[in-house]
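Numbers 8 to 140, taken from the working numbering, label the letters of the sequence shown in order.
Just so you know, the hints here were simulated from the structure itself, not pulled from any lab data.
Careful: at least some of the hints might be erroneous.
[To be verified] Pairs of lysine to aspartate or glutamate residues, derived as EDC-like cross-links and limited to a Cα-Cα distance of at most 20 Å, are as follows: (1) K60 / E26; (2) K67 / D11; (3) K60 / E29.
[Claimed, not checked] The following label-pair restraints were derived from C-beta to C-beta distances: (4) I12 / R37: 14 to 22 Å; (5) F107 / Q65: 29 to 37 Å; (6) K43 / V136: 19 to 27 Å; (7) A41 / D112: 17 to 25 Å; (8) S109 / Q65: 30 to 38 Å.
We put the CB at the ideal spot given by N, CA and C, even for glycine.
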Amino acid sequence: MIIDIFSQKIVGWEVYESESGEYAVELLERSLWAEKCIKKDVVLHSNNGSPMKCLLMQTKMIDMGVIGSRRRPGVSNDNPYSQSLFRTVKYCHRRPIEGFKSLEDVRSWVKDFSKWYNNEHRHNGIKFVTPQW
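Full structure from sequences and hints, please.
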């Protein structure tokens, strides 16, 4: 998931069975085009995972004018915005208690969650409005 820290809006998401630089690049590119943020000095703050550090991602970020910022090693609370988002995902009342039966079920749930999060869920960090207000 990619979140805009100012609006708290989920601007991009994908679900795969594994992580890869190729998937991360596709998500970043799709999200930037959808939000019309190409060459706009966007800062992408991420963890230190290999998809975010790979040469393919670094090249794409330069090509698209994205400034990279990474979490400091060993500092788990370096990105409170994504931590808050994933806490909401984890404890969301809409999340099925019995889990998911397939990857398609997960994708469908994340799509619905993102719509709910952006359009209905009120955020205390932005004065209890929705990201899409």
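- Message: To test your reading of the hints: which numbers does this structure violate?
- Response: none
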